[in-house]
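Could you build all of it, start to finish, from the sequences and the hints given here?
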Amino acid sequence: MNNCLLLFLAFLASVCASDPRPNSKAIVLAGNARFTVLTESVIRMEWSASHSFRDDRTMVIANRKLPVPSFNASTEAEGWIKISTAHLVLQYQHTSRLSFNDDNLRVIVMDVNGTNATWLPSLSDNDPGRLDGTIRTLDMTNGSVNLNCNAGGPDFIADSHCTDALISKRGYVVVDDSLSYQLDNSTWPWLMKFPSRAVPAKCNDIPKDKRRICGKNIMSKSQCEVNGCCYDNITPLPNGFECFYSASSYQDMYFLGHGHKFKDALYEFMLLSGPIPLPPRYAFGVFYSKWWAYSDSEVDNYAHDYATRSIPLDTVVLDMDWHLTFYNNKSLDQADQPMGWTGYTWNKMLFPSPKAFLSHLHEMGLHVTLNLHPASGVQPWETSYPSVAHAMGIDPSTQVYVPFDLVNKTFATTWLTLSIKPIEDDGVDFWWLDWQQGEDWFVAHDQANMNINPTLWLNYVFFTNPHHWGKTQRRPLLLHRFGGLGSHRYPVGFSGDVEASWASLAFQPQFTISASNVGFSYWSHDLGGFLHGYDPELFTRWIQWGAFSPIFRTHSMRDVNADRRIWKYPAYYYTIMRDYMNLRSQLIPYIYTECRHTYESGLGLVHGLYFEWPQYAESYKYSNQYRFGRSYLVAPIVQPLDKQSKVVERVVWLPPGVWYDVTFGSLIHGPCKHIAMYDLKDMPRFLIAGTILPMSVTPAWSLGQAQSNPKTVNLVVIPGVDFGRGTMYEDEGNSQNYESEHSWTYFQYQAKSNGSIELTISKSTGKFTGMITERAYVLNFRHSAPAVAIFVDGIALDYLTTDEMQIEGWRYDATRLSIQVLLKPRSVDKPINITLTGISIGTTTTLNNARGLIVRLQQVKSLLDNVYVYQDDFPHLLEASQIHQVIGYNVSQFEEKITHLIGLVRKGVQEVQNLPISKALKTQISQLLTPPRLL
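Read in UniProt numbering, the sequence shown has 234 at position 234, and its numbers run on one by one without any break.
No wet-lab data here; the hints were simulated from the structure.
Keep in mind that a hint or two might mislead.
Have a look at the derived ranges for each label pair, beta carbon to beta carbon [what the hints assert, rightly or not]:
1) 94 to 336: 47 to 57 Å
2) 148 to 900: 47 to 57 Å
3) 911 to 815: 35 to 45 Å
4) 803 to 920: 34 to 44 Å
Every residue gets a Cβ at the ideal spot worked out from N, C-alpha and C, and that includes glycine.
Encoded structure:
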């Protein structure tokens, strides 16, 4: 068996590693209903008058073969049956001849925040407790978009693919899969013919207050009736829904009754629908994109611009100008699309040798994606047209185009192998599927698949394409729009072309947070905004949000003023943006570890606070702050600075626990409100106490670093509790073998009452090809007084008096109030034990806010030096600004100097008020040196 065939079979096994046929012991038959107890909190509920139950995979549900949970099924009085698990009680009147309704079906969820919750079928149509999910795109928007699907009605849902969350404050959610297409059991699973369903009778017999929506995206009588449902556009249901279930309609629903255990709800849905794949490691680095007619030399030039400025870059995005375009020709092509919008033929004027060009980018460590609008099919000017036309039975001499018929497996196979594969063979790493269709696209193009979501289907076809991914070990990746439930299986998303405005920026964190409620955890955004805009402050804040978002991708329109290369902005803003882009690069070991957790748990890297603290109203109220993995809480600043004071106030709710304020350097006990003033360089973020955060160090060459496991790891240790831990996950980075071939390294520390800290780095467990055998470490113990001595495996380290990073030893960083330990490379097959002794534990509270003040004092001194030369007039402020230097020269003065810092700052602020400087500058300095308030 040749290697290509082995790869093909292994890829298909990974795609189809699920079994849609349930265990027979999990099934309960009752009259015209079939119930499948999938977990203690999930029950599938089917009703069919003909007992035509479905056991094939659907576009949403891939796996029903789960371990049979413990449950009891019994017959009760008056024809009722009862199915009980540890968490649910389902009751159904099996003698009823009517499909599911409030009179014959109910489910009780045990213990939803201390009480039981009862579900009836009619309650699914309007659940005020159900959280937001996400929609197809934010294209052409400026600010927030309503994510309440029901409120938008069927037109909105069909166009936007609007999908509500899989979690609700009520404690349950029902996923209606009745209208989903099924997939066959072929080698490359494909759409099965949709079963014919009888046009329902006696629709008027169903009371209007008992009607339940059938297909929230259905907009026509024919589409409604072909699904066996009733249609009424005279007296529709609220919000314009006109299609409802009849008394004989087939129904297939999944009841998720997890109470407020929202993490469990996502995890068990992923058991059914399939896990969220782990994207290639390089995808978490920096993308650069712009709609611009770049040539190969221009791309090479800007890549070197990134490198010479030590700015990370990992993925080059080429918008549509890589292929033939006809901008001056305003006519439509044969598919009634703008001519040249679709293309598969390289523009040789810009890219005379595509394969050599892409090989050159790969040699620099970069990956490449190309934009693709496929709606026009294959037009006569494409190089692949003759072969595609001939294969599809069209005489190429007629110059009749080949329509885009993606549900036709023959066309899909032909197109992918003859039009798409040659470009992939040139070296394209993945595709950016830029297609602007709603759910009515197939109907409008006479492809007769009214229940197929074209976005979801396109994503499925590309992500599972055996003619590409089946012939390589590389991991599938796409850039695409959201296509409804099931889209989580095909990362990553791109949210579309938004206006460059503060309103657009403000909505993106909230939009990303809510998408994790449906498992769509990898939105990427046009950082900086696509449409218009040259606002350095706005772009800086967008870069900060991007550093703590799932995917970092800048993008902009064909406008010379809408440039998202950060060196095109004034130096002050450029420096801040470069720092955050480098921070993003340094965070990739942590991000990649957390995204492995996403693969295993279904919980997105960016997710709402209600997953951990569902009982707190603030978890829902503060909708623009979020968890970034299991260690961070992040609250981006999404409003401009005050024009006078040059700062902005941000209120952050901190949940229960001990949190480390990264900006100010303090340990805070939640729950509380944290209110502080922030400068442009600040982005509010907090680390849970006990965190050991794995990061990389800034490399000498900034291109393509995201794809590689770090040879030197920077461990950031956060105190505040007696015991802390962290993990680091690694694999090959771009292989499909990550499920079984990977390694973990574990970190833990224990703080003792005698002022010592013991930290252990475990040996790496597991193996994979290319695994690092030796690794150096830089350990940073934040919020700490100096140590007296430090030992590694029992051997004392020297105290270092230089900033040299290549020698082993330790030093005290007085600016960051951190102990830094440098370790030379050691074998990853052996644990490392580090002991710190003699740390003064009485200074923990004294250190609160000291780090932030030390940093801001340098800024304040610069502000004063620029307008006022007489430093004798602010001696206390000057003394405070030099405290870190004094400690750095002589750590024995640490406690004395830190103890007096706050008092010196207070006196210094008063000195500033007496200086002959502007009122605005006095206000700015006062607010910069004011510690946060806690409420």
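Tested hints:
no.	hint	verdict
1	94 to 336: 47 to 57 Å	holds (53 Å)
2	148 to 900: 47 to 57 Å	holds (55 Å)
3	911 to 815: 35 to 45 Å	violated (23 Å)
4	803 to 920: 34 to 44 Å	holds (37 Å)
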